[in-house]
Amino acid sequence: MRKAVIIGAGMTPVGEHWKLGLRDLAVEALFNAMEDAGVDKVDSLYVGNMLSGSFVEQENLGALIADWAGLGNIPAVKVEAACASGGAAVQEGVKAVLSGLEDVVAVVGVEKMTDGWPSDATRYLAYAADAEWELFHGASFVALNALVMRYYMKTYGYTEEDLALFSVNAHANGAKNPYAMFKRPIKVDTVLNSPYVADPIKLFDASPVCDGAASVIITTPEKARELGVPKERWVEIAGMGRAIDTINLANREDLLTLRAARIAAEKAYKMAGVGPEDIDFFEIHDAFTIMAALSLEAIGVAKKGEGAKLAKEGQIAIDAGYPIQTMGGLKARGHPVGATGLYQTVEAVLQLRGEAPSQVPDAEVGLTQNIGGTGSNITVNIFRRV
Amino acid sequence: MARPMQVARYWRHFSEKYRLIGGKCENGHVHFPKRPVCPVCGSKNIEEVQLSGKGKVISWTIVRNPPSGFEYYKPYPLALVELEEGPIVLAQLTDVEPDEIDFGMEVEVVTRKLREFEEDGIILYGYKFRPPVE
Numbered sequence: 001m002r003k004a005v006i007i008g009a010g011m012t013p014v015g016e017h018w019k020l021g022l023r024d025l026a027v028e029a030l031f032n033a034m035e036d037a038g039v040d041k042v043d044s045l046y047v048g049n050m051l052s053g054s055f056v057e058q059e060n061l062g063a064l065i066a067d068w069a070g071l072g073n074i075p076a077v078k079v080e081a082a083c084a085s086g087g088a089a090v091q092e093g094v095k096a097v098l099s100g101l102e103d104v105v106a107v108v109g110v111e112k113m114t115d116g117w118p119s120d121a122t123r124y125l126a127y128a129a130d131a132e133w134e135l136f137h138g139a140s141f142v143a144l145n146a147l148v149m150r151y152y153m154k155t156y157g158y159t160e161e162d163l164a165l166f167s168v169n170a171h172a173n174g175a176k177n178p179y180a181m182f183k184r185p186i187k188v189d190t191v192l193n194s195p196y197v198a199d200p201i202k203l204f205d206a207s208p209v210c211d212g213a214a215s216v217i218i219t220t221p222e223k224a225r226e227l228g229v230p231k232e233r234w235v236e237i238a239g240m241g242r243a244i245d246t247i248n249l250a251n252r253e254d255l256l257t258l259r260a261a262r263i264a265a266e267k268a269y270k271m272a273g274v275g276p277e278d279i280d281f282f283e284i285h286d287a288f289t290i291m292a293a294l295s296l297e298a299i300g301v302a303k304k305g306e307g308a309k310l311a312k313e314g315q316i317a318i319d320a321g322y323p324i325q326t327m328g329g330l331k332a333r334g335h336p337v338g339a340t341g342l343y344q345t346v347e348a349v350l351q352l353r354g355e356a357p358s359q360v361p362d363a364e365v366g367l368t369q370n371i372g373g374t375g376s377n378i379t380v381n382i383f384r385r386v
Numbered sequence: 001m002a003r004p005m006q007v008a009r010y011w012r013h014f015s016e017k018y019r020l021i022g023g024k025c026e027n028g029h030v031h032f033p034k035r036p037v038c039p040v041c042g043s044k045n046i047e048e049v050q051l052s053g054k055g056k057v058i059s060w061t062i063v064r065n066p067p068s069g070f071e072y073y074k075p076y077p078l079a080l081v082e083l084e085e086g087p088i089v090l091a092q093l094t095d096v097e098p099d100e101i102d103f104g105m106e107v108e109v110v111t112r113k114l115r116e117f118e119e120d121g122i123i124l125y126g127y128k129f130r131p132p133v134e
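Residue numbers (UniProt numbering), protein chains in the order written: chain W, 1 to 386; chain F, 1 to 134.
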């Protein structure tokens with residue numbers, strides 16, 4: 001079977017890019033990745049994006065971005081899986097390479113969220129929920145996660161303070177990342193003193209509305225050699241998994257199990273031939289602190305109900321047993337929704353090349369986990385140093 | 001935002017949203033809303049069932065930054081209610097102070113206005129839950 005390696009990675013800083021539009025961000029990240037790989041053309045383009053139609057009235061992103069980047073008459077499409085669009089787009093790119101249909105594939109994730117009103121952003125994000133049975137009743141995405149967080153705290157006896165530790169860790173790491181939206185460390189009190197958005201979720205339990213784009217170039221080892229990319233710059237996509245769960249949170253058999261994440265992780269571990277104990281760092285989807293806790297449980301790092309315990313025990317820091325969010329995570333680096341899976345991928349690449357600003361020593365295998373909806377559409381990818 | 005002229009979009013869910021009609025498969029599994037396939041056993045033999053509208057709060061939140069269209073009502077309580085027939089339903093709570101809401105609190109269904117669109121727009125009604133009135 002063919003193998004797929006990433007030979008180039010690029011991104012824009014995450015933030016409020018008032019001077020740049022969606023296409024500007026996407027092309028900047030794409031060009032950075034192509035330059036990093038040393039390629040000036042690609043066979044196809046996959047665009048991870050969730051809400052371009054709602055935020056900036058633009059769909060057909062395949063044509064828009066390939067055209068604007070001057071990539072010629074290549075095949076190009078948008079991949080949408082809610083906030084997991086980026087992770088899913090990477091997988092579609094890998095599939096194209098593994099199938100043998102395409103040799104050099106570009107994947108770019110982009111989201112432009114700050115061109116509209118905040119309450120509209122809240123509405124658009126809720127489009128990933130069940131429109132008739134959740135948004136119809138005034139459920140925001142934060143509210144749905146808040147229902148899970150309160151139930152988790154009640155079931156396992158955690159406090160708001162316990163979950164705040166995930167934000168503290170993310171900000172500590174994000175402070176060193178020049179591409180992060182928030183570059184300041186915070187304390188538990190910073191989280192606890194921030195206002196409620198949907199109780200018990202406070203402003204500092206949640207990731208920000210922001211803009212950004214990130215991109216990777218994927219090819220085979222043979223083609224990478226032919227292109228003259230030195231082997232130490234290759235990063236293998238060793239495992240992939242993806243699964244869905246009920247779109248409507250109320251229909252979930254167990255509110256506190258991210259079943260889609262568990263299935264996706266099992267698939268990815270099997271394909272890569274590794275287990276959670278072999279992973280050197282984890283980029284999980286901490287759009288809300290509760291999702292960080294549940295994700296650690298779903299990917300097999302913590303037992304059910306003990307995800308938040310890992311944070312309490314100090315096991316999630318860069319120099320601890322299970323480093324997570326080494327570049328700030330969604331909380332501090334930022335969460336431009338459809339681009340997030342690509343930011344996670346770029347971060348995995350930098351860690352495995354030894355170029356990360358908060359480097360995990362001798363990192364050889366990394367995992368990214370990207371959640372769409374309230375746990376309804378989840379992607380897990382495993383990356384390995386070649 | 002686009003003007004919501006698609007009356008049919010709301011009209012087609014009257015039985016669920018006004019009367020709390022759910023689905024029950026041949027093996028007795030009850031779900032809400034009614035689906036084409038039983039989520040428990042996969043049966044496609046589903047009939048309509050009238051739910052009692054009595055249930056208990058299993059989790060709740062107070063929405064302080066609502067999606068656009070719901071600003072008028074903020075802050076409002078939103079809850080997951082486990083109905084006595086088994087299914088869990090997401091809905092707003094009404095006629096209750098936020099401090100009074102608790103795990104296991106008994107509630108009953110009522111029909112309330114959920115949202116209205118500007119001037120000549122349509123008004124959406126549906127279920128909310130409140131503490132039982134004797």
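Take the hints with a grain of salt, since some may be wrong.
Here are some chain W residues pointing at chain F (derived, C-beta under 8 Å) [to be verified]:
id	residue
1	Phe136
2	Ala139
3	Tyr156
4	Thr190
5	Asn193
6	Ala198
7	Leu249
8	Tyr322
9	Pro361
If you want the ones that stay clear, here's a sample from chain W, every Cβ over 12 Å from chain F, calculated [unchecked claim]:
id	residue
10	Arg23
11	Gly138
12	Ala172
13	Pro178
14	Ile201
15	Pro221
The set of hints was computed from the structure by calculation and includes no laboratory data.
Idealized CB from N, CA, C, for every residue including glycine.
Hint-by-hint comparison with the structure:
Taking 8 Å as the C-beta cut-off, the interface hint given for W/Phe136 holds, the closest approach to chain F being about 7 Å. Among the interface hints, the one on W/Ala139 holds; its C-beta lies about 6 Å from the nearest C-beta in chain F, closer than the 8 Å criterion. Interface restraint check for W/Tyr156: the shortest CB-CB distance to chain F comes to about 13 Å, outside 8 Å, so the restraint is violated. A distance limit of 8 Å between C-beta atoms decides the matter here; for W/Thr190 the minimum to chain F is near 19 Å, and the interface restraint is violated.
A least Cβ separation of about 16 Å between W/Asn193 and chain F goes past the 8 Å threshold, and the interface hint is therefore violated. Hint status for W/Ala198 relative to chain F: holds, with the closest Cβ pair at about 5 Å, below 8 Å. At a threshold of 8 Å, the smallest CB-CB gap from W/Leu249 to chain F is about 7 Å, leaving the interface hint in force. Violation of the interface hint for W/Tyr322 is found here, the shortest Cβ-Cβ separation to chain F being roughly 28 Å, above the 8 Å cut-off.
Below 8 Å, beta-carbon pairs count as interface contacts, and W/Pro361 has none with chain F, the closest being about 41 Å; its hint is therefore violated. The claim that W/Arg23 lies off the interface holds: its Cβ sits roughly 24 Å from the closest Cβ of chain F, which is beyond the 12 Å cut-off. Remark: the non-interface label on W/Gly138 conflicts with the geometry, its nearest Cβ contact in chain F lying 4 Å away (cut-off 12 Å). At the 12 Å boundary, the C-beta of W/Ala172 stays outside the reach of chain F, the nearest C-beta of that chain being 26 Å off.
The beta carbon of W/Pro178 sits about 30 Å from the closest Cβ of chain F, which is more than 12 Å, so the claim that it is off the interface holds. At roughly 8 Å from the closest C-beta of chain F, the C-beta of W/Ile201 falls inside 12 Å, breaking its exclusion from the interface. Every C-beta of chain F lies more than 12 Å from that of W/Pro221, the closest at about 43 Å, which supports listing it as non-interface.
Comparing the model with each numbered hint stated earlier shows that hints 3, 4, 5, 8, 9, 11, 14 do not hold.
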